[in-house]
Every structure is written in structure tokens, then in C-alpha cells.
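Visitor: These are the residues of each chain, in order.
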Amino acid sequence: MPSDRSDATVVVGQSRAGLAGWSPQSRQLVPLLAGAVLVFGVIPALGNDYWFNAILIPFFVLSLAALGLNVLTGYAGQASLGSGAVMSVGAFASYNFLLRLPMLPLPIALLLGGATAAVVGVLFGLPSLRVKGFYLLASTLGAQFFVEWLFNGYGWFSNNSSSGSISAPRLEIFGTDLSSPVHRYLLTAVTVAVLTVMTVNLVLSQTGRTWTAIRDMDTAAAIIGVPVARTKLLAFAVSSFILGIAGALWVFAYLGTADAHSFDIDRSFQILFMIIIGGLGSVMGSFVGAAFILLFPIFLDRVAVGIFGGTVDTGLLQNLHDIVFGALIIYLLTREPRGLAAYLTKLSDRLRRGRPAR
Amino acid sequence: MDFFVETLVGGLLAGVMYSLVAIGFVLIYKASRVFNFAQGSMLLFAALAFVTLTEHGVPFWLAGAIALLLMILTAVLVERVVLRPLTGRSDLTLFMATLGLSYVIAGVAQAAMGTDVHALDLGIPDVPINVGPIQVSEFDLAAAGISGILVIGLSLLFTRTRIGISLRAVADNQLAAQSVGIRLDWIWRIVWSVAGFVGLVAGLLWGAREGVQFSLSLVVLKALPVLIIGGFTSIPGAVLGGLIVGASESLAELYLGPLIGGGLSAWFAYVLALIFLLVRPAGLFGEREIERV
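Each protein sequence line maps, in turn, to chains A and B.
Each residue of the first sequence is one higher than the last, beginning at -19 in this note's numbering.
Each residue of the second sequence is one higher than the last, beginning at 14 in this note's numbering.
Source of the hints: derived by calculation from the structure; they are not laboratory data.
As the structure is a computational prediction, the values presented were derived from the model and not from experiment.
Built from N, CA and C at the ideal position, the CB exists for glycine as well.
Any given hint could turn out to be false.
Ranges of calculated distance between the beta carbons of each label pair, as one might list FRET restraints [unchecked claim]:
id	chain 1	residue 1	chain 2	residue 2	range
1	B	R102	A	T156	32 to 40 Å
2	B	I178	A	W136	54 to 62 Å
3	B	I176	A	A173	54 to 62 Å
4	B	I176	A	Y323	38 to 46 Å
5	A	L275	B	I273	22 to 30 Å
6	B	F16	A	L275	29 to 37 Å
7	A	S141	B	S228	42 to 50 Å
8	A	T294	B	I273	36 to 44 Å
9	B	F17	A	L106	27 to 35 Å
10	B	V292	A	E152	45 to 53 Å
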């Protein structure tokens, strides 16, 4: 297969020297295990409903969405403003699978929702075979508007509910009820963990290398034998699969009830901002970016209340938020183009170097 | 048949308004390879400044001049804070920077001048008048006339003045233009100022029609398909693209709307643009890029 040769062109990941005495595997394993204990052991035991509902669930779902877009934009270099639409396809599809096939277990419905989103995503991705850059961006925007119109205009998708909205079905796996906040949190966290591991493996594989080859220069990638069309469409499929599941979780685990407007163009922009700020082409960046975008407005509110004592006008606060936010994007792009994740890595490397050698 | 012609003409005239927004994009894209998402916010900023000033009793022309000055100031700041530090970075990075810029400009404009909806009266009545057998809005005709003058003015600027010729040189080949002594920073400032002026005109016309409010900044989304059809680098393309989008949108809403449900105009232009893309990937008048490895 010609594509076997592309691995010489791009180097993904970097080896880190240091920490003598630890084998590379165990050095990666320790933080991973610590993270798993934190996410699945400590947080469910200590968290309260506010944290689950307002912070942790949206954080994990948005991280997943950011991860999905990062596969497409950060790794494969195909810009998209249609992520909101793809999420809504996943949400509406999972909803309809559960509604119309009541025997279907929840995980299967989520998978099928993701698969439907992947098919739609590939359709959206077809223009990428002819055009790129801004032309592609604009065509994904068209998809965004079309899907929103479709779900709003045709009642079948929302089971003819008068408001055009869908609500979470009975959440249960094998008879266990999942409707409490901590269970919804665990459902989200497990899904995100599984998909993240899958994504990490994928971007480190042959497939991931062909994606980065196309991102860096698709003409060159084609010359060294990367099947450009197939690889691009695969990126659209994987990205949309992840986004679709994120969309379903957004409704099922977080919002409870949602319509197509929950996935409008602002959502697409929000997810794009997450990966710009967090770091394009970085799995960790998706999480850092999601945390930042989610927590920054909350933080700013607190600061404003602290300074002005609750008298500040919400409209003005929104504008101040926009200004700081926009300025931050520009600042980050000029100073640290690889995003907050790269910045954090630099910071931790510096701390580690400062530490005496063991 | 008269009804068809009337819809067509109405659509064409609405398309002129799209073209007006698209021209601002084309100017900036040609000179600095930036797809300026902030064009909508600039348009909002200009219109909001103008309407706030006139509401405080500032005469029409003075308010226009001050709004234009604000646009020039914005251009100078953008060159210094955004374009210069990002010189040589990828197109996508620059685009994302303009996303941030659009938040900043809209935020500043609304923080300074409020989020209320302002009515704007340019003294052109928006009433239908009879032209032969069909009825056309007087406002639309005036808007078309103003756009026509603007396009002629811009093409004179590009072909007859020293600035315009250096501008075309930069659009053609940045490096070569620099090597013959054209100052890139000045070109950028001038182009962004001219785009700001176009934004002011577009903002006033759109604002007079829909009220000056935040949603004005969303006209960028209407201009995108126009740009795809016409090509990102051609002013005549932007005009023609606007006309095509305007006309087909009205006709689609009239004939296709009843069949598949209304509200088509949210996406119809994009589907149309996509069809154009499949046939002509660089738009009607865009430059086809040749890639070298």
C-alpha cells in the first residue's frame, strides 16, 4: 500500500527525557491512573449536585465535542463551522433510535447516533475533496444552517413536539437508573474516557500520521502516496462520530431538553474557540480549551461581582466578557499559537527542570 | 409574469445590499490574504457610531466624517495589534484572529454606545414606486445607485491612483511588491480604512432597513455565499455574486418555499454557492491557485 511510506514525513508526539529510574510506560501510566482514580473514584464520592450539573457534566461533554473538532481541524487541517449541526444530528438520531426502538440499550443508541452523525459528516465533508480553506469553511456553514432548518421545520425529528424540542429519554443501562446527577456524570465521564483513548490511539497511528500529512500540505501528501480523498473523509467521519455522541450527551446528560437552537452557529463557534485556545492538534488542548471556555465566564462574573458588588448591568458585563475574550484569542494566537495546552506543558517542563535530579 | 419580474427585480436589488458587504471582504482579502470575519462588527460599529452621533444632534455629514475617522483609527490599530504580529502565519490563524477581533469590536461598540435598537432615517423613503408595469422600492433603487457609485469609485481608485496600483501590486505578489519599495503596513492601513468606509456605507443602508442593532454584524453570514460565488478576490465578482444570490433567494422563497417549507433563505444561498463550487472551485472571477511542493 502506498500510504505506508508517509510515516517518514511527519513526527507526531515527542519523547521526553528525564525522570531516570522510571520506564517510559510507567511514567505515562502513573498520571493516567491518578486521573482515573480522580475522575471515577474521588469526584463521584465528593462532588455535589451543583458541581455535577453546572460544571463537570458540561465540561466533559464540551471537551468531547472539542476533541471531535480537533480531530478534523487540529489533526487533519479541515476547518469546520458545522460542529453544532453535527452534534444536533447525533442528538436527534440517538433520540429517535431510543424513541422508535424502545428495546435498544442506551450505549447502542449512542453509538448509532454517533454513526448517523458520521454519515452526515462525510456528506458535509464531500466538498473538501474539491475545495479547501475558506471555501470549505463556508460550505460547512451552509450545512450548519441547513440542519438547523431541517430539525426546526420537520416535526418528525422531534416526534412532533409542539416546541420542536427533544428531551432525554429514560436513562438506564441494564435496569440501572441513570437519572441522578452522579450517574449522569459517570455516564459522561466513561463515554469521554473511552472515546479519548480511542482518539489518542488513532492520532498516533498510521491514520493519524496521514491526517497530519494532509494538514501540513495536502498536495505534498498526495505526491508521497497518501490517499487524500479517503483520508479526508475518514477524518470527517471520526470527527463527526465523536461530535455526534457529544451532542447526544449534551441533551441526555446535561440539558435534559433541547431543540435545534441549542446547536446553532454559536455552539459551532464556541467549540472552534475551545480548540484554538486549548491547542490545535492536541488531545489535552481540547480539555484545557473546554475548561477555559466554560469556566472563564463564571470567573468573570465572580470578578465583576467582587469589584462592582452586583450592581453591574448584565448587558455591559456581556460586552466586557466579549472584549476580554476576543482580545485573549488574538493575544494567544500571536503569543502561543499552539494554545494553552502547549503553554502548560512548557510551564511544567520548566518546573521539572528546576527540580534537583534524582 | 409581472409578479415574476417584480420578485426578480426585488431580489436583484436586495442582492446589491449583499454585494456591498461582500466588497468590504474582497478589498481586505486581496491586499492582506485575510478573510476578515470582523467586517460585520466593523459595519455595526460604524453604523452605531453614526446613529448615536445624529441622535445627539450632530449633523449628517459631520457624523459620517467622525464615523469614518473611527474606522480609520480601527484600521490603524488592527494593523498594529493583529496584522503585524501575525505576518506570515497561516490563513486560518489570521481568520481566527479576526474572529477574536469581531468580538472585541462589537463588544467595544456596544459597551460604549449601548445595545438598544436604533432607528436610522437616511431621508430616503422605503415606499414602492411604479417603474413601468412593476413596483420597486425607492430605497432599494437608491441603495443600488449608491452601490454603483461606490463600485465605480473603487475601480477608479484601483486603476487610476498610485495607491491603487501599489495595492494591486501587493495583492498580486506581496514579496515582489515589498522589494520595489511598497510599504506593506501602509497598504494594510489604507485597505482596512477603505473597507471600513465600505462598511460604513453598508452599515447605514442595512441599518436604515433593519434598525441599527447587534444583528447587523451577522450580515457577514449573508455575504459568505456571495463571496464563494463571485470569488474572494474580485470586486465585479462580489457584485455579480450578490445579484445572483439576491435574485435566486427571492425566487426560491416564492416557488420552492411552499413545497418544502419556508425560511429557505437561511441556507439556500449556501447550497447555491456549493453548486457553484463544484463547477468552479475558485468562484466566477476568483484566481485559481497553483500549488507547488
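Visitor: Mind checking the hinted window 27 to 35 Å against the Cβ distance between F17/B and L106/A?
Guide: At roughly 33 Å between Cβ atoms, L106/A and F17/B fall inside 27 to 35 Å, so the hint holds.
Visitor: Taking 54 to 62 Å as the hint, is the beta-carbon distance of I178/B and W136/A inside that range?
Guide: 59 Å, holds
Visitor: Between R102/B and T156/A, is the Cβ distance one that fits in 32 to 40 Å?
Guide: 51 Å Cβ-Cβ, so the 32 to 40 Å window is violated.
Visitor: Given the hint of 54 to 62 Å, is the C-beta distance from I176/B to A173/A inside that range or not?
Guide: 58 Å, holds
Visitor: Assuming the hint says 45 to 53 Å, is it satisfied by the Cβ distance from V292/B to E152/A or not?
Guide: 51 Å, holds
Visitor: At the C-beta level, are F16/B and L275/A separated by a distance inside 29 to 37 Å?
Guide: 56 Å, violated
Visitor: Indicate whether the distance between the beta carbons of S141/A and S228/B respects the range 42 to 50 Å.
Guide: Since the Cβ atoms of S141/A and S228/B sit about 28 Å apart, the hinted range of 42 to 50 Å is violated.
Visitor: Can you let me know if the beta-carbon spacing of L275/A and I273/B is within 22 to 30 Å?
Guide: At roughly 42 Å between Cβ atoms, I273/B and L275/A fall outside 22 to 30 Å, so the hint is violated.
Visitor: Do the Cβ positions of T294/A and I273/B conform to the proposed distance bound of 36 to 44 Å?
Guide: With Cβ atoms ~39 Å apart, the hint holds.
Visitor: Could you see if the CB distance from I176/B to Y323/A stays within 38 to 46 Å?
Guide: 41 Å, holds
In this structure, the earlier hints numbered 1, 5, 6, 7 are contradicted, and the remaining ones agree with it.
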